[in-house]
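A.B. asks: Just so you know, the sequences run in chain order A and B.
Just so we're aligned, residue 8 is where the first sequence starts under the numbering used here, counting upward by one.
Just so we're aligned, residue 8 is where the second sequence starts under the numbering used here, counting upward by one.
Wrong hints could be hidden among the right ones.
[To be verified] Here are the computed lysine to any residue pairs in the SDA-like style, where the Cα-Cα straight-line distance is at most 20 Å:
{"hint": "1", "chain 1": "B", "residue 1": "LYS193", "chain 2": "A", "residue 2": "GLY220"}
{"hint": "2", "chain 1": "B", "residue 1": "LYS262", "chain 2": "A", "residue 2": "GLU108"}
{"hint": "3", "chain 1": "A", "residue 1": "LYS262", "chain 2": "B", "residue 2": "LYS262"}
{"hint": "4", "chain 1": "A", "residue 1": "LYS14", "chain 2": "B", "residue 2": "ARG192"}
{"hint": "5", "chain 1": "A", "residue 1": "LYS253", "chain 2": "B", "residue 2": "LYS262"}
{"hint": "6", "chain 1": "B", "residue 1": "LYS193", "chain 2": "A", "residue 2": "GLU121"}
{"hint": "7", "chain 1": "B", "residue 1": "LYS9", "chain 2": "A", "residue 2": "LEU33"}
{"hint": "8", "chain 1": "A", "residue 1": "LYS72", "chain 2": "B", "residue 2": "ILE260"}
{"hint": "9", "chain 1": "A", "residue 1": "LYS253", "chain 2": "B", "residue 2": "TRP261"}
{"hint": "10", "chain 1": "A", "residue 1": "LYS193", "chain 2": "B", "residue 2": "THR226"}
{"hint": "11", "chain 1": "B", "residue 1": "LYS193", "chain 2": "A", "residue 2": "GLU232"}
{"hint": "12", "chain 1": "B", "residue 1": "LYS129", "chain 2": "A", "residue 2": "THR203"}
{"hint": "13", "chain 1": "A", "residue 1": "LYS253", "chain 2": "B", "residue 2": "LYS14"}
{"hint": "14", "chain 1": "B", "residue 1": "LYS252", "chain 2": "A", "residue 2": "PRO102"}
{"hint": "15", "chain 1": "A", "residue 1": "LYS253", "chain 2": "B", "residue 2": "ASN36"}
{"hint": "16", "chain 1": "A", "residue 1": "LYS253", "chain 2": "B", "residue 2": "GLY99"}
{"hint": "17", "chain 1": "B", "residue 1": "LYS262", "chain 2": "A", "residue 2": "TYR80"}
{"hint": "18", "chain 1": "A", "residue 1": "LYS193", "chain 2": "B", "residue 2": "HIS17"}
{"hint": "19", "chain 1": "B", "residue 1": "LYS252", "chain 2": "A", "residue 2": "ILE101"}
{"hint": "20", "chain 1": "B", "residue 1": "LYS9", "chain 2": "A", "residue 2": "ARG43"}
{"hint": "21", "chain 1": "A", "residue 1": "LYS14", "chain 2": "B", "residue 2": "LYS9"}
{"hint": "22", "chain 1": "A", "residue 1": "LYS193", "chain 2": "B", "residue 2": "ARG190"}
{"hint": "23", "chain 1": "A", "residue 1": "LYS262", "chain 2": "B", "residue 2": "LYS252"}
{"hint": "24", "chain 1": "B", "residue 1": "LYS252", "chain 2": "A", "residue 2": "TRP261"}
{"hint": "25", "chain 1": "B", "residue 1": "LYS252", "chain 2": "A", "residue 2": "GLY103"}
{"hint": "26", "chain 1": "B", "residue 1": "LYS262", "chain 2": "A", "residue 2": "ILE97"}
{"hint": "27", "chain 1": "B", "residue 1": "LYS193", "chain 2": "A", "residue 2": "THR226"}
{"hint": "28", "chain 1": "A", "residue 1": "LYS193", "chain 2": "B", "residue 2": "LYS193"}
{"hint": "29", "chain 1": "B", "residue 1": "LYS253", "chain 2": "A", "residue 2": "PRO102"}
{"hint": "30", "chain 1": "A", "residue 1": "LYS9", "chain 2": "B", "residue 2": "ASN36"}
{"hint": "31", "chain 1": "A", "residue 1": "LYS253", "chain 2": "B", "residue 2": "ILE101"}
{"hint": "32", "chain 1": "B", "residue 1": "LYS9", "chain 2": "A", "residue 2": "GLU42"}
{"hint": "33", "chain 1": "B", "residue 1": "LYS129", "chain 2": "B", "residue 2": "GLY103"}
{"hint": "34", "chain 1": "A", "residue 1": "LYS262", "chain 2": "B", "residue 2": "ILE101"}
{"hint": "35", "chain 1": "B", "residue 1": "LYS9", "chain 2": "A", "residue 2": "GLU232"}
{"hint": "36", "chain 1": "B", "residue 1": "LYS262", "chain 2": "A", "residue 2": "ILE101"}
{"hint": "37", "chain 1": "B", "residue 1": "LYS253", "chain 2": "A", "residue 2": "TRP261"}
{"hint": "38", "chain 1": "B", "residue 1": "LYS252", "chain 2": "B", "residue 2": "PRO168"}
{"hint": "39", "chain 1": "A", "residue 1": "LYS193", "chain 2": "B", "residue 2": "LYS14"}
{"hint": "40", "chain 1": "A", "residue 1": "LYS109", "chain 2": "B", "residue 2": "PRO168"}
Calculated from the structure, these hints are not laboratory results.
Owing to the predicted nature of the structure, the values given are computational and were not obtained by experimental measurement.
One letter stands for each residue in the lines below.
There are 2 protein chains.
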Amino acid sequence: MKVTALKTSHIIKNNENLFEVICETLDYNKIELTERSVIVIAETLVGTSENRIIDIESVKNISEKAEELALKYQIDPKFAQLVLEESDEIVGGIPGMLFTEKNGILIANGGIDESNSGIEGKVSLWPRNPFGSARDLVQKIKQKFGLTDFGIIISDSRVQPIRKGVVGVAIGIDGFHPIIDCRGRKDLFGHEMKWTTRAIADQLSDTAHVVMGECDEQTPCVLIENCPVEFTNDPIPQDSMLMPKKDDLFYRIWKK
Amino acid sequence: MKVTALKTSHIIKNNENLFEVICETLDYNKIELTERSVIVIAETLVGTSENRIIDIESVKNISEKAEELALKYQIDPKFAQLVLEESDEIVGGIPGMLFTEKNGILIANGGIDESNSGIEGKVSLWPRNPFGSARDLVQKIKQKFGLTDFGIIISDSRVQPIRKGVVGVAIGIDGFHPIIDCRGRKDLFGHEMKWTTRAIADQLSDTAHVVMGECDEQTPCVLIENCPVEFTNDPIPQDSMLMPKKDDLFYRIWKK
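One chain only, chain A, in its complex shape (with noise of 0.2 Å):
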């Protein structure tokens, strides 16, 4: 397998064509994508190309709740209600920061960036439907370059539990299984694995997030080459690597 960090030509702006920048991107770092290859991508190049940088100032209405919160965790009113009108949940907070859910995904902020945005005072939302982004841009790509199998994950980095730093999360794929499931399976002697399911999107956005950096790089795509994923052309369910909180360890044990 063969990682490769790709420079974007120029820093890309607000509704820039997200499929011709990174066949752009492709040509400017002289790759010929080959069979079996997934492109993994930073959530924020998604988001710009989605318009989706806007100015904090422009935020209006600020609900009681936001100013509430804005207050107890020590945020802008404009910052809390743009969290609030992007999270599904409010999962609770920090000073500084607030932790929620979004699409059913633990993330910091709703999933708002303020690095990487632009100029002071702009910040990058999640791109509207990450699963729908990926499926366009596999499609359109396998047909441009000839491929059957190719996929494509969107991905953002988040905190995990009692570690230090970020690792890597995808918040949207296509083109490969999310999930392997080894249940069933046989181990080095032969016995059945009773538990395993493995998190390959996941591991392959850490993967990418290896090489891409999280700082000033500009290289927010990554070529995973000679993949071991089952490709797929099929769609992939939008919550296929949720577990649902009745069944999840965290959850049952921590959160009462």
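Position chain B relative to chain A; hints supplied.
C.D. replies: Frame of chain A, contents of chain B only:
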């Protein structure tokens, strides 16, 4: 960055010398180690080399606490006793599994594995000193191959909150800094990053798990070449990847 799963020439048995196993595996896969490589090793292999495969029937002196956990979570009292001995804390459980903290890491069953541990009734325990084993290997491998920049990760897999499937976690490392601190660095637009630190050792564990598999692949070592980490000769503190609970987002929000 290139990622290669290394098959062992045979199934590794109790008490085989780990350094010799790694050298033989490199040879068997015709690998010439180069500067800036990291080898990720499955914890089961390290445990096996330390004779940490044990027969569950050999567990005696079942404590009252173990009997209680066994009843509550429908597990074998002998297994519960082992988990108690191996863990620093029992965090909770679900039917069939205990959730524990060990060396500051949240992990199922105190890191005890029922798969890839040998014939029926055998389980594998975590390596005794993952940081020490990693350091020992790094020093021996650097010397044998005349390398300056080389790293080792000893890796396990674990679940993540409200997501399906396991991801990789680094339980011991040496040869490079496991966390990249981006705070104070600039983003694309020159803004200073306020929050982000990157769990690069965990990200590399995950990278390895993509090609390593969890079943009968017999590839407990993964070579990552041209690895973008900051190499060092200094020993890595055992708590360098741990977020103090008082500062941890999940802990502060969920665990009251």
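A.B. asks: Next pair to validate is B:LYS262 with A:TYR80; report whether the Cα-Cα distance is within 20 Å.
C.D. replies: Cα-Cα ~18 Å, so holds.
A.B. asks: Keeping to a limit of 20 Å between CA atoms, is the pair of A:LYS262 and B:ILE101 held or broken?
C.D. replies: 14 Å, holds
A.B. asks: Hint check: A:LYS193 vs B:THR226, CA-CA at most 20 Å. Holds or violated?
C.D. replies: Judged against 20 Å, a Cα distance of about 14 Å means the pair holds.
A.B. asks: Straight-line Cα separation of B:LYS9 and A:ARG43 no greater than 20 Å?
C.D. replies: 15 Å, holds
A.B. asks: Are A:LYS253 and B:ASN36 close enough, with their CA atoms no more than 20 Å apart?
C.D. replies: Violated - the C-alpha atoms of B:ASN36 and A:LYS253 are around 44 Å apart, more than 20 Å.
A.B. asks: Does A:GLU108 lie within 20 Å of B:LYS262 when you go C-alpha to C-alpha?
C.D. replies: 17 Å, holds
A.B. asks: What's the verdict on B:LYS262 and A:ILE101, does the C-alpha distance respect the 20 Å limit or exceed it?
C.D. replies: Holds, at about 14 Å.
A.B. asks: Given the hint that A:LYS253 pairs with B:LYS262, does the C-alpha gap stay at or below 20 Å?
C.D. replies: Within the cut-off at roughly 17 Å; holds.
A.B. asks: Within a Cα-Cα threshold of 20 Å, do B:LYS262 and A:ILE97 meet the stated pairing?
C.D. replies: The hint holds at about 16 Å.
A.B. asks: Decide if the proposed pair is consistent with the structure: B:LYS193 and A:GLU232, CA atoms, cutoff 20 Å inclusive.
C.D. replies: Distance of about 30 Å is beyond 20 Å: violated.
A.B. asks: Sort out whether B:ASN36 lies within 20 Å of A:LYS9, counting only the CA atoms.
C.D. replies: Distance ~17 Å between A:LYS9 and B:ASN36 Cα, so the pair holds.
A.B. asks: Just to be careful, I want the Cα atoms of A:LYS193 and B:HIS17 compared with a cutoff of 20 Å; is the pair within it?
C.D. replies: Within the cut-off at roughly 17 Å; holds.
Hint check: violations occur at hints 11, 13, 15, 22 and 28; the rest are consistent with the structure.
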